[in-house]
Amino acid sequence: MADETGVLVVGEIREGQLDSTTRELLSIGRKLADGVAQPLAAVLLGVNLGDPSREAIAYGAGKVFLAEHSFLAEGHPEVTVLALEQVCRQVKPNIVLIARTEAGRELGPRLAFRLGVGLAQDAVALGVDENSKRLLITRPVYGGNAMAVVTLASAPQIATVRPKVFEAAGKDQTLQGEVVRIAAEIPDSLRKVRMVQRVVEQGAGIKLDGARVVVAGGRGLGGSEPFKELEELAQVLGGAVGASRPACDGGWIDHGRQVGLTGKIVTPDLYIAVGISGASQHMAGCSGAKLIVAINNDPEANIFKEARYGAIGDWRKILPAFTETVRELLT
Amino acid sequence: MATKIIVCVKQVLDPETPLSAFKIDRDAKKAVFPPGADPVINGFDEVAVEAALQIKESAGASITVLSMGKTFVPDVIRKPLAMGADELILLQDDAFETPDSYIVANILAAAIRKIGGFDLILCGRQASDWDNAQVPLGLAELMNLPCLSIAKKVDLVDGHVRVHRVTADGYEIAEAPLPAVVTVSNELGEPRTPTIKGIMAAAGAKPTVWGRDDLGVDVAGLARIEMADVFIPVRERRCEFIEGEDEADAGRKLALKLREAKII
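Going down the list, the sequences are from chains P and W. Once you know that position 75 of the first sequence is 75 in our numbering, the rest is easy, because the numbers rise by one and skip nothing. One gets our numbering by counting positions in the second sequence from 1 and adding 331 to each.
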């Protein structure tokens with residue numbers, strides 16, 4: 001690992017702006033870079049990167065590498081990885097951070113295998129070992145039942161980072177930085193995957209992403225009918241309805257509402273869990289909530305380990321009274 | 332020639348193991364199987380087997396199931412055969428149980444090259460033990476194949492695989508030329524339960540077993556990660572239980588408590 005230096009954040013752009021996950025990477029990236037006394041840089045891949053590159057500098061990147069290519073506009077990891085590999089071979093970073101978004105969780109492994117190095121997915125804590133100066137990556141394993149601390153022997157050390165775990169970097173317009181263009185070669189023959197159609201399924205009600213209140217139901221609800229009661233409460237609170245995986249797999253509510261390790265990660269102010277046992281797999285999706293309230297008939301249920309307030313008993317009796325009282329309090 | 336599908340499956344600790352029985356051996360840096368507990372086929376991998384069986388039923392295909400590990404429980408690892416797969420190949424070696432995706436993908440790639448003549452590789456989107464979600468993408472990169480991830484529907488159309496990929500706000504229809512790698516998610520639907528007839532047939536099947544010498548792989552040279560620690564995080568129980576005269580009263584008091592704490 002002699003030559004490699006610096007922390008490289010792989011940026012994502014959404015509607016012409018840096019995604020919030022990139023700002024999170026720039027904040028943890030800054031801490032790591034300072035920890036090993038190395039520079040922090042960002043790489044942006046896509047088209048029309050002028051504004052986002054200025055943003056990246058204002059959020060702390062000392063250098064921004066730009067790979068602009070029309071093939072990168074779609075953001076398909078199969079193509080993005082080709083450009084990113086070229087950037088890494090040229091820049092030789094010591095650490096590469098990628099947000100574990102839909103694109104990032106695919107981009108990370110592809111990049112690592114192309115470079116022949118190791119990768120840790122889904123980091124929830126990142127540090128530097130005092131002696132070896134290696135990255136210490138903490139990541140949930142066994143569906144979140146346990147944590148593993150991993151180090152990577154080769155450089156670059158690549159980690160994908162769980163969104164919404166680290167605070168986003170603050171903006172400082174006075175910061176100066178350098179923009180370096182890198183010509184990426186992407187042979188058309190390597191684009192094998194063809195996107196045919198994007199289908200947006202607009203579920204009824206408020207979206208889970210960004211909702212301030214989430215009312216979620218699980219296996220304990222026993223069917224689709226009870227979700228109407230959850231929707232009623234969500235409506236009163238101006239929140240969204242979520243669900244655990246068993247409820248979605250049971251067909252009681254569509255999979256777009258799934259909260260958890262393999263569903264959505266939500267960070268509302270208030271998360272109300274009804275009939276959810278709180279398996280680690282589910283908690284991975286909601287433990288970032290500011291406050292969890294649980295209604296469950298099993299006092300030993302894991303959900304009560306993470307909940308601030310709880311009511312033990314039959315949700316059929318507890319929930320209507322709860323909803324009614326909330327309604328009275330709010331009107 | 333008939334379509335040939337390879338499905339990669341892994342034997343894992345049952346993710347439904349109650350938390351009270353879930354233990355970590357900090358020296359071995361992995362979970363300990365509770366006494367008497369059998370492993371299961373990783374849930375997403377079973378869904379991948381189901382996806383393969385659906386293709387077999389609609390378009391005709393042979394299904395080879397490939398699994399890698401140190402030890403296998405015969406009744407568990409034969410389940411894909413009992414569900415309807417045609418052939419089972421076990422990659423068995425003391426060094427084949429590892430959380431290092433780089434090792435796993437390289438060994439699977441060596442085995443898949445040895446098998447040869449395949450059209451489609453199906454994998455679960457991730458395994459419920461290490462949750463790496465790396466091996467299928469690694470396989471695709473190592474074998475220079477296109478990869479479509481997190482599919483809820485998989486069809487073969489005119490030498491292409493067409494999938495519905497799960498996205499945050501719906502799904503994306505995408506296709507790639509064969510041979511290709513596809514990872515499958517639970518949204519595809521529940522995998523079928525083996526029939527008695529299937530179980531009987533699977534019990535008599537003789538899996539092919541390959542070790543590291545059969546594959547010619549240098550496992551130590553493929554190591555890319557070091558596990559520094561594995562532990563169960565301590566969670567402080569600080570839940571305040573709201574009680575009432577009856578359950579409805581508890582519900583009312585819970586709402587009042589949230590107001591009092593200025594949460595609503």
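Derived by calculation from the structure, the hints in this document are not laboratory data. A portion of the hints provided could be inaccurate.
DSS-like mimics (lysine-lysine), calculated; alpha carbons at most 30 angstroms apart, straight line [said to hold, decoys possible]:
{"hint": "1", "chain 1": "W", "residue 1": "Lys354", "chain 2": "P", "residue 2": "Lys264"}
{"hint": "2", "chain 1": "W", "residue 1": "Lys445", "chain 2": "P", "residue 2": "Lys192"}
{"hint": "3", "chain 1": "P", "residue 1": "Lys171", "chain 2": "P", "residue 2": "Lys192"}
{"hint": "4", "chain 1": "W", "residue 1": "Lys484", "chain 2": "P", "residue 2": "Lys264"}
{"hint": "5", "chain 1": "P", "residue 1": "Lys192", "chain 2": "W", "residue 2": "Lys593"}
{"hint": "6", "chain 1": "P", "residue 1": "Lys317", "chain 2": "P", "residue 2": "Lys164"}
{"hint": "7", "chain 1": "W", "residue 1": "Lys593", "chain 2": "P", "residue 2": "Lys164"}
{"hint": "8", "chain 1": "W", "residue 1": "Lys354", "chain 2": "W", "residue 2": "Lys401"}
{"hint": "9", "chain 1": "W", "residue 1": "Lys354", "chain 2": "P", "residue 2": "Lys290"}
{"hint": "10", "chain 1": "W", "residue 1": "Lys335", "chain 2": "W", "residue 2": "Lys537"}
Chain W regions said to be covered by chain P (calculated; three or more residues, Cβ under 8 angstroms) [to be verified]:
{"hint": "11", "segment": "349 to 358"}
{"hint": "12", "segment": "455 to 464"}
{"hint": "13", "segment": "475 to 487"}
We treat Cβ as the ideally placed atom computed from N, Cα and C, and that holds for glycine.
Practice problem: Go through the numbered hints given earlier and state which of them the structure violates, listing their numbers in rising order. | Solution: 3, 5 and 6
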